[in-house]
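Trainee: Protein chains in written order, with my numbering: chain A, 1 to 338; chain B, 1 to 247; chain C, 1 to 433; chain D, 1 to 276.
To be clear, the hints were calculated from the coordinates, so they are not data collected in a lab. Glycine included, every Cβ here is placed at the ideal spot set by N, Cα and C. What you were told as hints is all true, and nothing was included just to trick you.
Here are the simulated distance ranges between beta carbons:
#1 B:E63 with C:E179: 51 to 57 Å
#2 A:N17 with C:S340: 39 to 45 Å
#3 D:F217 with B:G29: 52 to 58 Å
#4 A:K226 with D:D226: 34 to 40 Å
#5 B:E63 with A:T82: 52 to 58 Å
#6 C:S340 with A:A178: 44 to 50 Å
#7 C:A345 with B:G29: 50 to 56 Å
#8 A:S134 with D:F217: 54 to 60 Å
#9 A:G308 with C:K335: 50 to 56 Å
The calculated DMTMM-like cross-link candidates involving lysine to aspartate or glutamate, where the alpha carbons are at most 25 Å apart (straight line), are:
#10 A:K286 with B:D161
#11 A:K306 with D:E271
#12 C:K373 with B:E230
#13 C:K342 with C:E51
#14 A:K274 with D:E260
#15 C:K176 with B:E174
#16 C:K263 with C:E212
#17 C:K222 with C:D298
#18 B:K200 with C:D55
#19 A:K227 with D:E274
#20 B:K104 with C:D244
#21 A:K33 with B:E172
#22 A:K30 with B:E174
Here are some chain A residues the structure puts well away from chain D; computed CB gaps all over 12 Å:
#23 E24
#24 K200
#25 E335
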Amino acid sequence: MDFMQISKKDFQKFVENLIQSKEEVVGVVKKGKHFAYDILEKSEQLCLDYTETILPPKKYFLPVEETLLKYKTGVASSYEATYGKSPKVIIGIHPGDMAAIALLDKSFSEGEKDSHYLNKRANSTLIGIYPTQSFPHRFSNSMIEKDAYKAADCFLVDLGNDYGIEVVTEKGKKIASAMKAVAGEKGLNEKIAQAKAKIKDEVSMPFSRRELSEFLHNKETHAEWKKRAEKCFSCGSCVLVCPTCYCFDVKDTVALSLQEGERKRMWDGCMLEKFANVAGNHNFRKLAGDRLKHRIFRKGKYIIDKFGMAGCVGCGRCSQACVANIASPVDIVQELKK
Amino acid sequence: MKPKVAFFDFACCEGCQLQIANLEEEILGVVALVDLVEFREVLTGHAPEYDITFIEGSITRPEDEERLKDIRKRSKILIAFGACATTGGVNKIKNLRNLETVRKEVYQDDWNKPHLNTAPTKAVDEVVKVDYYLHGCPINRNEFLSVVKDLAMGKVPRIPDYPVCVECKLRENECLYDLGKTCLGPIARAGCAAICPSNKSGCEACRGTVPNPNKNAMHEVLAKRNLTVEAIIQEFTMFAVNPEVSK
Amino acid sequence: MNNDSMKIHVHHVTRIEGHGNIEVDIQNGEIRKVEWQVPEAPRFFEAMVVERDCDQVAPITSRICGICSIGHTFASLKATEAAMGIQITEQTRKLRELLLHGETLQSHILHVCYLVVPDLCRVNSVVPLAFTHKDVVLLVTKLHRLANELCDVIGGRTTHPIRAVINGFTMLPKPKELESLRKRLVESVEDLKTLAGFVKTIANGLPNFVRETEYISLADQKDYAFYDGDIKSSDVKGNIPINDYRKVTNEYISPQSTAKWTKYNREAYFAGALARYNNNYKQLTPFSYAVGKDLGLDGVSYNPFMNNVAQVVEVVFAVERSIQIIDDLLGNGMKEEDNSFKRRAGQGVGAVEVPRGILFHDYTYDEKGKCVKANCIIPTNQNHANIQLDMEKLVPEFKHEGKDELQFKLEMLVRAYDPCVSCSTHFMKVKFI
Amino acid sequence: MYPEKSIYLPQVATITKANMMTKVDRYFEFELEGGKDLGHKPGQFAEISIPGIGEAPISISSSPNLKGKFEMVIRNVGVVTNALHNLSVGSTVGVRGPYGTHFPMEKLKGRDLVFVSGGIGLVPMRSAIHYALENRKDYGRIMILFGARDITQRLFVDELAAWSKQSDIEFLETVDVGNPDWKGNVGVITTLFSKIKDFHAANTTAFVVGPPVMYKFVIVELFKMDMSKSNIIVSLERHMKCGVGKCGHCQINRVYVCQEGPVFALDAISELREAI
Ligand SMILES: Cc1cc2nc3c(=O)[nH]c(=O)nc-3n(C[C@H](O)[C@H](O)[C@H](O)COP(=O)(O)OP(=O)(O)OC[C@H]3O[C@@H](n4cnc5c(N)ncnc54)[C@H](O)[C@@H]3O)c2cc1C
Ligand code: SF4
Ligand code: SF4
Ligand code: SF4
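The following block holds chain A by itself, in its conformation from the complex (with noise of 0.2 Å):
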């Protein structure tokens, strides 16, 4: 890995080439009184010390809908593969969501490729920044250990007047090099290092991972689950803004001529009460208590189990989207050691 740095007017003046150079440039910008990843039009929106996002960078190369064919209806040598685009480069985004995307690539170039994902994946370089502002829900120290460079193509620290820069591919490089950033002076390593430590989570999961998974088996019948459940709605906040979810669901629709259409995907959530319906209504995870139970163990054991990789990054997204306040994976694993 090499280390780089840059002024912060410079970097500013990069992105403001970018965007006039008519890539689609993708940054954190204000909505509200929140953040949000969005198209950028001018280098003043770029917000890069924000609290979280309401969605994780995720949703450009998984999109929340997604045309996966087209075909012409009734003629099944009509389906034609369509495979959307992504953003160039996308700047800001947290190590958790790196590490996020880490496993996103992961599961969908094992076994089966998706190349729909695939494909918009290879098409964007990943800016990461390491977060400076803090967010009370998050816990990614402890969940992430180094998932985060298996997706970046490089990281910016905050070291006040100027950013240190963490290169990691290739891609980073070019980057970086398109920036203009130079050399690191001697000693950079030091001090970015320095910066990362100094940055501290509010909250933080009791275990390790490897631990975290040791410690939910056997878990499955602990009472916390059907006690935490009364209270769930059900909504599917807490995994629509996850990012290491993907599920998805498959729809055709068609023009209102009839006569050609699509067949699309569109992100869908295990907390849905339907979600593992089957015909005959019959329904292989009814109560809400088993729902919650199977995400946080996707989360926390799964996952973890399958890839080595982090199936939570501690972003801390779900504890802030569930209006019933139950969603935290730190609080409920908390409850379970109880």
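We have chain A; now place chains B, C and D with the ligands onto it with these hints.
Mentor: For chains B, C and D with the ligands alone, kept in the frame of chain A given last:
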């Protein structure tokens, strides 16, 4: 053969039929798919039988029940169209109060005249069998189009059974609870693209609730926001969706 | 066919909003019965808002009518604000006026083009016109779409606005949205000229029928009144404050029908586009006035069918005014405003001009902001008596044309008023024969 | 690097035969374009789709040895299945797959096999039964237990009749609800087990496929007969969208049914609480 389609209205504001006119050019696509045979608000004409009938409005008088039953007999598929039809809509607010008081308040001395009689408001499925529901006050035009397309293709239309929060999240809205407001999104049926929260206004559940609304949890959440029990009941009964929700 | 004896029974007049029946009975030249009836189910809105928190009152009363939902919302908000002594900002007032013009556009275009033009072309609906007059239909849908989008952008929805609340808006349009609206409104002026040209080719189908009556609308010193103003009657000098609306509406029980009708200085009065035009036409823009003149409306008219032409005039006016308001809003820059307010006890009246005429809401609240009493007087209700009197004059004048033609003219007359029957029936007395 | 061919892109198959087997179940024979083989193994499934309607996972019911075509039986329960029922011979559909795990027929050479299927569970089972019968000498006893709700629900009635007559098959059948025309067993499928004589648990592999409620009871019965978990193979159905381990719908605890299933050895899933 194009399916014969009819629209009928009962007690309502006719805002849902208006959404058909609001389809603009697309209405031409619709009339290419179906044969509009009866639609009093936009065309002059009648037919004896229908393949698909849309019923707008709620049922508030005995004679309307008879009219509806007759329409049902002549319809292959009957669709409750809009909140008044699917749940009773705002018209059901009337049921929450004493009917005699209500009648006196509006008609004063004449309240007891026979033709001003009113029965408790009913949703369409409280009178006849309903095949499909197009919820909303008013209905969502895109949902209407997709139901028409589905039926024209012989597909069973799928009406959302998940809460408004889903669509609200997909639109990346700021949650109203994070802005200090309240919202029925967690228990309300989706399909509207979360239009109210997207306009920074709490969902009023005009599409009724999801099949298993967690009403106790909703109560608890609203009470935590310092809403009195009375205010909570008012929230729940704006569209009188499910009077027992407030119990 | 014997023109001396005929029975007309139109069950549920089509292409109007709501249900209305026409009954005519002529025996050997003697007109025994001419009746305009409304069999719509009563809906009890005034009782529904009682006991409700003020926040819920406008969303509920908006559901009185899908076509005038924006107007009902504003009459309701104005009444509530008057009751609680809330002063809205200039920005809110402008946005509301703009949204109200959106509704006028929506409703008038729909009414004239989708519901009346088929009459003039003698077809049963707009659908056949899509084949015979495709260009015109596409033009109309384009204008109608623009009107709807205006309502979407300002109110959050075409019908039953979401953003308009007590003391302001939950959300403001983005400057970009306003700019794009403005651009399209400007472009639509050409379309309006084309449309007016088309209407001119068929306007001779409007019957030549005159009956002078009293014309009642809002009037405002500054402007051709829609959102603000006092009450004006063509029979009275000077304006009447809206708080005195009951003096004007004078609800009474008609002996021949049990509907609650209204009258002021005569047996009946006219509310709606023609009333506004007759009372305020001097405040029109030159272009909107000229469009009316070209279609045969040049100053005060006593032909109720001319209501449709007045609507065309108002479409043009609404487009012009909307452009101006958007310029003002963009020029001043839009600001997020605090729309919180204090609940208090009080009584207040709100009046606005909706497409079909003057509309009044009157509420009383307790100190917690709970509604204890409500009264709404809807334009269509105010017009029923006038429709009845028009019919009584029209039947003898046109009965020689035969049953079919007479029936057609009567239906057309009803449609000319663009009645919004479902609105009016929450306190309509209904008679079944 | 990308796009590689989309994993959601189907091939084209033509319906070459179709007939109703019960009121709700329709038999289909399909041929892929160019007479290709689907290349499946017994127990696998494929995603069948109609453009404009949608896609559904359906088990392949024929043996891999049936060359140039494959068979399915589809129950009309919803949008896609209903549309499939309305297609006529000669129509085309989309096919993706084969997907999923299969019955390990190779590994079971020399063993006794007992096939226990309820209702439409016979459909995936049939491909394994056919395969075993085609390679009859490779296996010991072949026992087929089939239960239907009533006589109108029986599938492949000709084959059932043939099996019942075949001397190298022990065929047992029952219906839950009897009928005067029915001379056979009446009762749930577990009542058939007592009729098996000289059962050698250690040398037998059991296959179980049926409606969700059936598994628990059948497995208890097999345990009573001393069968070990490792010798019981089940095929499970779940809500499934993509068929390729992405969409999450078919997950049973940590397991994706479309990847590690639908065919599982019972011991491999016994710690999965949601499995059965
Ligand atoms: C591995 C596997 C093998 C199968 N083999 C067969 C077979 O051989 N024959 C057969 O008739 N059926 C089989 N099924 C079941 C079949 O896939 C479903 O009945 C079908 O997908 C329903 O689709 P639909 O569009 O007709 O119904 P829908 O209208 O989509 O839905 C009807 C009901 O089925 C549920 N459902 C929707 N999609 C699925 C889905 N993809 N999987 C399961 N349930 C769903 C819905 O929640 C709803 O409750 C199999 C399923 C799996 C997973
Ligand atoms: S489970 Fe919650 S904290 Fe963990 S990654 Fe998902 S949204 Fe973030
Ligand atoms: S845990 Fe919270 S956010 Fe998740 S489904 Fe339940 S109520 Fe909704
Ligand atoms: S605003 Fe309402 S609908 Fe949206 S997420 Fe919050 S509670 Fe759910």
